[in-house]
Amino acid sequence: MLGDTAYKLAQETKRTQAHLTAYNESLVEQLCRETRHIFAQLEALLQKVNPALGRSVDTRAVAAQLAALHATAKRNKRCLLAYHHLRLQFLKSLFWSVGKIPDELKPQLSPQEQDFFSHYAVLVSQYKHPFVDIDLNASELPPRDLFIEVRVLKDCGEIQLEKGSLLLTRNSQHHVKRSDVEHLISQGLLQHIG
Amino acid sequence: MASDNVFVSPEDSVMTNLSPMDAVEPTVDELLDGALSPYLSDDQDGDSPFVNEDVTKLKHAWVNEKQAPDLLPYETQLVEDLTEMLQFIEALQGEDAGQPFTVMLYQTEVERIKYLLRSYLRTRLQKVERYAMFYSGSEEHLSRMSAGEQQYIHQYRGLFETHMTRTCLDKLPESLRALDETTGNIPWNDTAVVCRVQQDVGEISVTETETVEMRRDNIFLMPYQTVEKLLQSDQVVLL
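Going down the list, the sequences are from chains A and B.
Residues in the first sequence are numbered consecutively from 1, following this note's numbering.
Residues in the second sequence are numbered consecutively from 1001, following this note's numbering.
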């Protein structure tokens, strides 16, 4: 039925709000094809009502058909844009919270989306370049304590602190300055324990 | 306002950190007096509130930006001053450690100011991205952005358009390829905001027939467009 494909894509968009599903290339392709087909139909219809051909047709019926087809084409486009836009939004929030695409999510993304992500990363790093001291990617929660207790979940080797360096081996526990290790926490290498 | 409460103002934070101590300890002012002096430039008095004023301003700018539906003018001078001050303080701490206790107070405060700054910048970036299509075509909004933000919006828009074109627009019939739908995404200036009046404003008209008198410290809930002008002249702050 007319508009069914777009409805499917809209449902998929809605699911994306909770978690990222695999990029549905075939559905996008199908919807684009359908839209092109609708336009071909539209043109054929316009030919019909062309007065130069002098054929007698019920113009009211044709007008209704034209309006319905045109509205469907517009709706298809809207659904396409919404689908892609929401996925970009998901990617952006991923960038700000984690900083990179986790390996398990990579297969879910289209090549264009991976491109977008890397370009976006460049864009943001360009923007924050003048603010040397301020880590824009740091947590959105206001800092409560200067020092925090962390447990190491994965070996990270030696890291540089403000003063000296620290060897982070798995399962060890450290009392460190929050700003020194914040990026490691967001990458899931360290766990903040009280 | 929840986000307002989360950040403890400089004065408060000193109090909370000191609260376990007894009254026999030196007072907050005495403690801060000595500690502040190395960080103040020569033309300032020892007990000058110069540091706090900028932070308070930033706090207001940050809450305003968080609450306002539209982009507000960028606080160029404020951000510049504060980043400079932060660098200055950090450089000083490297050489002059001072008492561990006061050093910790300062570092905590520095972290808090940094948080304010980055949250302020992030909030602006989010608005810029969200309304990229609309803002990049509006001279007025472009003039409210910093140079970095102007470059950002320009490139972001390009990136967004390229992505949309490559993924779907190119496969659509030609007359549907323009990106016009997203231009409909504009800030909604009717949103209700809560504001506190900073200084007596007098009567202002709310609707065609109604006016209210705004006195200092009054708190109002009204549409953003009504207070937009007052906000830009610092007569009210959002909460």
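Hints are not guaranteed to be accurate.
[Stated by the list, open to error] Under the rule of at most 30 Å between Cα atoms (straight-line distance), these lysine-lysine pairs were calculated in the DSSO-like manner:
id	chain 1	residue 1	chain 2	residue 2
1	A	K154	A	K177
2	B	K1171	A	K14
3	B	K1114	B	K1229
4	B	K1114	B	K1066
5	A	K8	B	K1171
6	B	K1066	A	K177
7	B	K1059	A	K154
8	A	K128	A	K100
9	B	K1059	A	K92
10	A	K8	A	K74
11	A	K177	B	K1059
Think of the hints as simulated: they come from the structure by calculation, not from any bench.
**Pair hint A/K177 and B/K1059, alpha-carbon separation not exceeding 30 Å** = holds, 24 Å
**Message:** So if I understand the rule, the pair passes when the alpha-carbon distance is 30 Å or less; does B/K1114 with B/K1066 pass?
**Reply:** holds, 16 Å
**Request:** Would you check the hint for A/K128 and A/K100, treating anything up to 30 Å between C-alpha atoms as holding?
**Result:** holds, 17 Å
**Request:** Assess, step by step, whether the Cα of B/K1059 is no farther than 30 Å from the Cα of A/K92, and give holds or violated.
**Result:** holds, 26 Å
**Asked** Quick one, are A/K8 and B/K1171 close enough, alpha carbons at most 30 Å?
**Response** holds, 19 Å
**Message:** Against the 30 Å threshold, does the CA-CA distance of B/K1114 and B/K1229 hold or violate the hint?
**Reply:** Holds - the C-alpha atoms of B/K1229 and B/K1114 are around 29 Å apart, at most 30 Å.
**Message:** With the threshold set at 30 Å, check whether the alpha-carbon distance from B/K1059 to A/K154 stays at or below it.
**Reply:** violated, 38 Å
**Message:** Hint check: B/K1066 vs A/K177, CA-CA at most 30 Å. Holds or violated?
**Reply:** Holds - the C-alpha atoms of A/K177 and B/K1066 are around 28 Å apart, at most 30 Å.
**Item:** Pair hint outcome, B/K1171 versus A/K14 [Cα-Cα no greater than 30 Å]
**Value:** holds, 23 Å
**Prompt:** Are the Cα atoms of A/K8 and A/K74 separated by 30 Å or less?
**Reply:** holds, 16 Å
**Message:** Does A/K177 sit within 30 Å of A/K154, going by the straight-line distance between their CA atoms?
**Reply:** holds, 19 Å
Hint 7 from the earlier list is the only one contradicted by this structure; the remaining hints agree with it.
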